[in-house]
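K.L.:
Protein chains in written order, with the UniProt record's numbering: chain C, 1 to 253; chain A, 1 to 280.
No lab work stands behind these hints: they were computed from the structure. For every residue, glycine included, the Cβ atom is placed at its ideal position computed from N, Cα and C. Careful, some of the hints might be misleading.
[Claimed, not checked] Straight line, CA to CA, 16 Å or less: simulated EDC-like cross-link-like pairs of lysine to aspartate or glutamate:
| hint | chain 1 | residue 1 | chain 2 | residue 2 |
| --- | --- | --- | --- | --- |
| 1 | C | K187 | A | D108 |
| 2 | A | K241 | A | D191 |
| 3 | C | K216 | C | E230 |
| 4 | A | K241 | A | E168 |
| 5 | A | K239 | A | E168 |
| 6 | A | K172 | C | E226 |
| 7 | C | K187 | A | E109 |
| 8 | A | K112 | C | E180 |
| 9 | A | K181 | A | D191 |
| 10 | C | K92 | C | E106 |
| 11 | C | K128 | C | E150 |
| 12 | A | K174 | C | E121 |
| 13 | A | K165 | A | D191 |
| 14 | C | K187 | C | E171 |
| 15 | A | K172 | C | E150 |
[To be verified] Rough simulated footprint, nothing fancy, chain A against chain C, three-plus residues with beta-carbon under 8 Å:
| hint | segment |
| --- | --- |
| 16 | 91 to 99 |
| 17 | 104 to 115 |
| 18 | 149 to 160 |
| 19 | 181 to 191 |
Here are the chains, one letter per residue:
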Amino acid sequence: PSAADRNAQACFLNCCLTLACANQIIFCNLLQAYAKFAGAPLIVNTINNSWSSPKADVPVLISEDIVISQPAKILNFLRKQRYNADYELSAKQGADTLAYIALLEEKLLPALLHTFWVEAENYCSVTKPWFASRIPFPLSLYLPGKMSREALNRILLTRGGPPLYSLTEVEAQIYRDAKECLNLLSKRLGTSQFFFGNTPTTLDAFVFGFLAPVYKVCFPRVQLQEHLKELTNLCRFCDDILTCYFKLTVTDG
Amino acid sequence: MQLPLLFSAKKAHGSSTFAALRCPNGSVFSITFSQARDRGRTSLPTIREAFLQMCNLPVRVVCRANAEYMSPSGKVPFIHVGNQVVSELGPIVQFVKAKGHSLSDGLDEVQKAEMKAYMELVNNMLLTAELYLQWCDDVTVEEITHPRYGSPYPWPLNRILSYQKQWEIRRKMKAIGWAGKSLEQVLEDVDQCCQALSQRLGTQPYFFNKQPTELDALVFGHLFTILTTQLITDELSEKVKNYGNLTAFCRRIEQQYFEGHDKDSSATASARCAKRSLLR
Numbered sequence: 001p002s003a004a005d006r007n008a009q010a011c012f013l014n015c016c017l018t019l020a021c022a023n024q025i026i027f028c029n030l031l032q033a034y035a036k037f038a039g040a041p042l043i044v045n046t047i048n049n050s051w052s053s054p055k056a057d058v059p060v061l062i063s064e065d066i067v068i069s070q071p072a073k074i075l076n077f078l079r080k081q082r083y084n085a086d087y088e089l090s091a092k093q094g095a096d097t098l099a100y101i102a103l104l105e106e107k108l109l110p111a112l113l114h115t116f117w118v119e120a121e122n123y124c125s126v127t128k129p130w131f132a133s134r135i136p137f138p139l140s141l142y143l144p145g146k147m148s149r150e151a152l153n154r155i156l157l158t159r160g161g162p163p164l165y166s167l168t169e170v171e172a173q174i175y176r177d178a179k180e181c182l183n184l185l186s187k188r189l190g191t192s193q194f195f196f197g198n199t200p201t202t203l204d205a206f207v208f209g210f211l212a213p214v215y216k217v218c219f220p221r222v223q224l225q226e227h228l229k230e231l232t233n234l235c236r237f238c239d240d241i242l243t244c245y246f247k248l249t250v251t252d253g
Numbered sequence: 001m002q003l004p005l006l007f008s009a010k011k012a013h014g015s016s017t018f019a020a021l022r023c024p025n026g027s028v029f030s031i032t033f034s035q036a037r038d039r040g041r042t043s044l045p046t047i048r049e050a051f052l053q054m055c056n057l058p059v060r061v062v063c064r065a066n067a068e069y070m071s072p073s074g075k076v077p078f079i080h081v082g083n084q085v086v087s088e089l090g091p092i093v094q095f096v097k098a099k100g101h102s103l104s105d106g107l108d109e110v111q112k113a114e115m116k117a118y119m120e121l122v123n124n125m126l127l128t129a130e131l132y133l134q135w136c137d138d139v140t141v142e143e144i145t146h147p148r149y150g151s152p153y154p155w156p157l158n159r160i161l162s163y164q165k166q167w168e169i170r171r172k173m174k175a176i177g178w179a180g181k182s183l184e185q186v187l188e189d190v191d192q193c194c195q196a197l198s199q200r201l202g203t204q205p206y207f208f209n210k211q212p213t214e215l216d217a218l219v220f221g222h223l224f225t226i227l228t229t230q231l232i233t234d235e236l237s238e239k240v241k242n243y244g245n246l247t248a249f250c251r252r253i254e255q256q257y258f259e260g261h262d263k264d265s266s267a268t269a270s271a272r273c274a275k276r277s278l279l280r
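The shape of chain C in the complex, shown without the other chains (with noise of 0.2 Å):
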């Protein structure tokens, strides 16, 4: 695909990126669609071993001698090695991207870590088995729990509060607020194939690693990805960049 070609730098880096898909399942998707936009090579490591992970903080990218942990510091780091998936955007286009991840995190993120974490069906019977089967025992009797904990802390303490008194009146904003953001997503995106032209940006990264867990995981209880398959404009985008770029079906992570 294009995205190669438009890459610039010569040097091959050796990077591993670790991962162990949490709430982090979305930057790992993430991550990887923008590596792929950028033509970064990068070896996709499952982990092993969660003690070597540095902080316990995933995903993380390991490049020769340097680690680092964060997504945007991440992005930033490819970035600065020149695998830019941006170089064609104008300022204002840059602008938009920042406002869009904006609302991503706001809007799609709490309703994305109460559907993974929080709603009891789902976390029981998809994601607790799914992520304790990819961490080594005695880890993965603690750290799911720790992980959905931390999931419904964050949701309660950033969405919660009056005038919304209890669990449930919380969970109807954030899934109103969701669904709101897809048909934000899917206006923006129109007819066209990526949100800026033809060639595939840090947005559409940060889009596909949010949506393509609610698109292709199979949960029990699945409001989110009802109204998703909806927006067929999104669906087709997610379809588009796993066929043109992951070249198969992903299940989850």
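Mind docking chain A on chain C? Use the hints.
P.N.:
Positioned in the frame of chain C, the structure of chain A alone reads:
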């Protein structure tokens, strides 16, 4: 149609303001518009006032000490219209829209999506940075925030309440991942946000060209507060001042919507509220 606006301070030391608003057609539609003393949210009053001004809705701002408790969501400022009380920018905008005033009717769907995205950016970055600076930066907390926040109360209540608020804010910062950030990183984020806003604004008078929208009110509120709040250092306001078009934007809105409307201040408000201006 404009009635005089009582535009009193964003920094109402030790007091909060609440406003009365008369409907343009003269009917009894009194709106009480409350703003907090600096409860870590000093920019919000300005945003409300700016928004209501832009809608040509007259607002009168008066001071009250218990505004936070009057508000249905515990957040200030809020507006009081007849029997209804509405707090926070989102619901206020919806409320005003339901009464037939809206700033974003002229936008198409894609522009509305963009406007909402930029509003989230401002909330995400600027608001969180303001909160961080007020409550997580130790020097600022000790010298400015604690005294200001606890000023209406006697000792020891003032210390207890401000520590409680600080703990609450820090918990929230930790949940969203800002607790680990250093001041430099926060300032860098503010810079990035201002750069994005500056690039979006370009040379236009407003963000969506000729007419102001909710986004303009929101950005004005935050930037004005940052530019006029006296803190320990000027680093935050310097970040904003780096972008000439943003300061020009603030000045323009201040001149257009707030100049010449100050004469109607009520005695209580003007006595306790300090006024600041970008035009010195």
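K.L.:
With reference to the structure, classify each hint as holding or not holding.
P.N.:
These are the hints, each one checked on the structure:
no. : hint                : result
1   : K187(C) <-> D108(A) : holds (10 Å)
2   : K241(A) <-> D191(A) : holds (10 Å)
3   : K216(C) <-> E230(C) : holds (14 Å)
4   : K241(A) <-> E168(A) : violated (31 Å)
5   : K239(A) <-> E168(A) : violated (27 Å)
6   : K172(A) <-> E226(C) : violated (31 Å)
7   : K187(C) <-> E109(A) : holds (7 Å)
8   : K112(A) <-> E180(C) : holds (12 Å)
9   : K181(A) <-> D191(A) : holds (15 Å)
10  : K92(C) <-> E106(C)  : violated (21 Å)
11  : K128(C) <-> E150(C) : holds (14 Å)
12  : K174(A) <-> E121(C) : violated (28 Å)
13  : K165(A) <-> D191(A) : violated (27 Å)
14  : K187(C) <-> E171(C) : violated (24 Å)
15  : K172(A) <-> E150(C) : holds (12 Å)
16  : 91 to 99            : holds (count 7)
17  : 104 to 115          : holds (count 3)
18  : 149 to 160          : holds (count 5)
19  : 181 to 191          : holds (count 5)
Consistency with the previously given hints fails for numbers 4, 5, 6, 10, 12, 13, 14, ordered from lowest to highest.
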